[in-house]
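Respectively, the protein sequence lines represent chains A and B. Residue 39 in the working numbering sits at position 39 of the first sequence, and the numbers go up by one each step. Residue 150 in the working numbering sits at position 150 of the second sequence, and the numbers go up by one each step.
Honestly, I wouldn't trust all of these hints.
Computed footprint of chain B on chain A; a stretch qualifies when at least three of its residues, placed anywhere within it, have a C-beta under 8 Å from a C-beta of chain B [claimed, not checked]: (1) 42-52; (2) 76-85; (3) 126-139.
Think about it this way: if two alpha-carbon atoms lie no more than 27 Å apart in a straight line, the pair counts; the simulated DSS-like pairs of lysine-lysine are [what the hints assert, rightly or not]: (4) A:Lys170 to A:Lys181; (5) B:Lys7 to B:Lys470; (6) A:Lys197 to A:Lys138; (7) B:Lys470 to A:Lys10; (8) A:Lys209 to B:Lys552; (9) B:Lys548 to A:Lys10; (10) A:Lys209 to A:Lys220; (11) B:Lys48 to B:Lys141; (12) B:Lys14 to B:Lys470; (13) B:Lys98 to A:Lys138; (14) A:Lys235 to A:Lys220; (15) B:Lys141 to B:Lys51; (16) A:Lys150 to A:Lys170; (17) A:Lys166 to A:Lys111; (18) A:Lys150 to A:Lys181; (19) B:Lys51 to B:Lys142; (20) B:Lys470 to A:Lys138; (21) B:Lys548 to B:Lys24; (22) B:Lys9 to B:Lys98; (23) A:Lys10 to B:Lys24; (24) B:Lys552 to A:Lys10.
Note that these hints are calculated values from the structure, not bench results. The C-beta atom is built at its ideal place from N, Cα and C for all residues, glycine as well.
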Amino acid sequence: MIQIQNLTKKFGNFTAVDDLNLQVESGELFGFLGPNGAGKTTTVKIISGIMSPTSGGVYVDGVSVARDPVLAKSRIAYIPDEPFVYPHLTGWEFLRLMGDLYSVDVDAQLKEIPALIETFELKEVADELLQSYSHGMKQKLLIASVLLRKPRVILFDEPTVGLDPKSIKKFKDLIAEQTRKGVSVFMCTHILDMAEKLCNRVGIIYRGKLAACGTTEEIKKHAGLDGNLEDIFLKITADE
Amino acid sequence: MFFILLKRKLLGVKNVLSGITFWKAAKNSIFLFAGLLLLLSLYFTFYKLLKYLDGVELIGTMLIWKLTSIVFLMSFSMIVISSIIISMTTLYYSFDLKFLFSTPLNSRTLFMDKAADTVLYSSWTLVLALMPYIAALIYVKKLGPAFFFSYLLLLAPFIMMAAAFGLIFSLLVMYLFPSSRTRDITWLMGSLSIALVYVAFRFSKPEKLIRPDTLEIVAQYINYLQSPTVEYLPSWWLTKAMMAFSGGHYVVFLQYAGWLFLACLALYSFLYFLSGRLYPAGFSGAQNTPKFSGGRTQSFENRLLPAYPGLRGFLLVFLKERRNFSRDVRYWSQIILIIALIFVYLFSIKNLPLDTAEMKSFVSFLNIGIVGFVLSAICLRFIFPSLSLEGNTFWLLKSSPLSMESVFNSKLVFYSAPLTAMGFLLISFSNYLLSADLFISSVSIFTIIVMSFVMSAMGMGFGGAFPDFKVENIHQIESSYGGFVFMASAMGYVALTIGIFAWPVQMHFMSRFNSAYPFEWRWFYFCVAVFLALSFFAALVPWKIGLKNMEKYEI
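Next up, chain A with everything else stripped away, as it sits in the complex (with noise of 0.2 Å):
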């Protein structure tokens, strides 16, 4: 469960995140959306403990990020939008890392790691290094690894970007998996479709502020709108 309290970001005088209360339960998929530059990757950062707010703070299963950032870590698994992974391990040595970084046993690492390089169609790629993979092949690695990881929260900014239809399937697929597993998954968006398919609820983020938040039933009703989250979203982000 992610809990986020009167969350506030300041850069200099501009506010990137204003006052952000947010709860997303476990084994829920709360799709994060918004603008260019309306603070989503902002709070998904602060939330995966690389950066500090201004004021306010982030529970992740009732551990405070700021006051136990490594228990609370632990728990988390973050994937940016850019997938940069270190360019002179291969596959395989980056997954065991990763698996060892979090605590995952030994075994149970031997056991899952083929699976999972099979999962994602990285057999043949698995003992390069990693400065050979693609853009595509490197964002199917770190979701392998967050699978490896068994994580209490998953953080995802962007995450089908550079990912071929079949791998997104299977995005989807695991995604709905994990939250079964009681995963709480927080996903920045901008594909909208995607978000009103998969996501329990969804939250609207524009000029640092929650605009609006629940399930898209429930927006369109409070916007008092018909037609699809595109059209909501479009009308939420106009500008006045």
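Following the hints, complete the assembly by docking chain B onto the known chain A.
Positioned in the frame of chain A, the structure of chain B alone reads:
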């Protein structure tokens, strides 16, 4: 089209300059001041040398021009090697190449744009370093400003031709062996060449030129040769042109200047023609990544993990660092240069003209400062940049359940252990070559061991206090403001250490010369305590600052 490309560079420079804040301007001024001091000290060194040579009867002027031709030849060779290394990046791996190749630009135009970058990057330091030499030459030989301007005029084709050789080499080699592995091998060979030029130059004992007892041999040598220094290279044409200008033989000057300009024009015409045929094929091939087959065996760090779960972060960062270091060619080329430096250093120590045992022991003590300088330079190259070189993968460490302290500890152990071993070997060999006495040997070995560890901690600390995750190579980090502050602090620490031990060393020599001055051990222990206290704070303060900065650092 070339000028449109040039305009984008000028716009970039203009925007950088207009964006300079007061703080940045202050930082740059410090850099500029340090650079000017360095150039000034070079000027005085060259002035002393040239003044001395000029004073030698009969052959003074000849010696000066012989030395000038050697200086030009060395500069030419260094620019050729630099351009080989640099052109591999500028021509094939610049960040904007994929974009530029997708635009409707002629590949020849694109090549010339990148060639201009190569000429600039491979020559600017040597051009700067030559300035004090030329200034000293003008002052000693009483040559006017016209000489300087004529030199500047000829410098352009000279450096352009040197860089052209590197460009031709890169074009051909990437066309024939189109792979990113070619770049790695070229980098290694380039570093090896620089190392060999450096070692060969030092082993030729250039100090003989300024030693009166060997001047007769030098004169005989020059008289015997009576021939130019590599006649068909532009370095000799430049020397002849400048010699002619200084003697007022303007027709000869124009003849050699004409050679330089015509040869340069011919060379770049050839390059322009060649690039159209070879550059697109080479660029396409450079995108290929060689196959690497890694094993899946358990590393020793993996095997230690179950027994020491508390060291999880430490062991895993150590493993990552070890694998990265052994597979990144950039580090290998640095190591080749360091090995060359060590050879030259030990050779110089061996050839120091020291007669008495006391003098040898005294130099062994001062040698702590030299070894300290070498260690700090290595820290600047390897330890200080180690955090910044995490680059855009830093998010992996930052989002992992690792404390930043374990990252720091791991990197410290990884780098300080070989550094300490190297410091120990350097000082022990130097002491052996200098036949230092037991007391001096013990003090210097103890000091260097402590110093190695302290400097490693300082390197980590300053690296954390001044991180830059956006840099493209180690040189940018080294030459940054943080690198400058680290070097200044490390050298300050070395100077204070020498100062602290100067007292017991003085007592040691006094007691050897005259028994009326006994060696007082309590003062010696006091100095050791002061040194240890200094070392403790020199390591702790930057370490804490760097660690705190990295803990709160936001990506």
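How the hints compare with the structure:
1. 42-52: holds (count 6)
2. 76-85: holds (count 6)
3. 126-139: Holds: 5 residues of the segment 126-139 of chain A have a Cβ under 8 Å from chain B.
4. A:Lys170 to A:Lys181: Cα-Cα ~17 Å, so holds.
5. B:Lys7 to B:Lys470: Holds: lysine 7 of chain B and lysine 470 of chain B sit about 24 Å apart, inside 27 Å.
6. A:Lys197 to A:Lys138: Judged against 27 Å, a Cα distance of about 26 Å means the pair holds.
7. B:Lys470 to A:Lys10: Holds: lysine 470 of chain B and lysine 10 of chain A sit about 22 Å apart, inside 27 Å.
8. A:Lys209 to B:Lys552: 25 Å, holds
9. B:Lys548 to A:Lys10: Holds, because 20 Å separates the two Cα atoms, which is no more than 27 Å.
10. A:Lys209 to A:Lys220: 18 Å, holds
11. B:Lys48 to B:Lys141: 13 Å, holds
12. B:Lys14 to B:Lys470: Answer holds: lysine 14 of chain B to lysine 470 of chain B is near 21 Å, not above 27 Å.
13. B:Lys98 to A:Lys138: 20 Å, holds
14. A:Lys235 to A:Lys220: At roughly 11 Å apart (the allowed maximum being 27 Å), lysine 220 of chain A and lysine 235 of chain A satisfy the hint.
15. B:Lys141 to B:Lys51: Status holds; Cα separation ~9 Å.
16. A:Lys150 to A:Lys170: 17 Å, holds
17. A:Lys166 to A:Lys111: Within the cut-off at roughly 24 Å; holds.
18. A:Lys150 to A:Lys181: The hint holds at about 10 Å.
19. B:Lys51 to B:Lys142: At roughly 11 Å apart (the allowed maximum being 27 Å), lysine 142 of chain B and lysine 51 of chain B satisfy the hint.
20. B:Lys470 to A:Lys138: Roughly 20 Å between the alpha carbons, so the hint for lysine 470 of chain B and lysine 138 of chain A holds.
21. B:Lys548 to B:Lys24: Between lysine 548 of chain B and lysine 24 of chain B the Cα gap is close to 23 Å, so the pair holds against 27 Å.
22. B:Lys9 to B:Lys98: 17 Å, holds
23. A:Lys10 to B:Lys24: This hinted pair holds, its Cα atoms lying about 23 Å apart.
24. B:Lys552 to A:Lys10: 15 Å, holds
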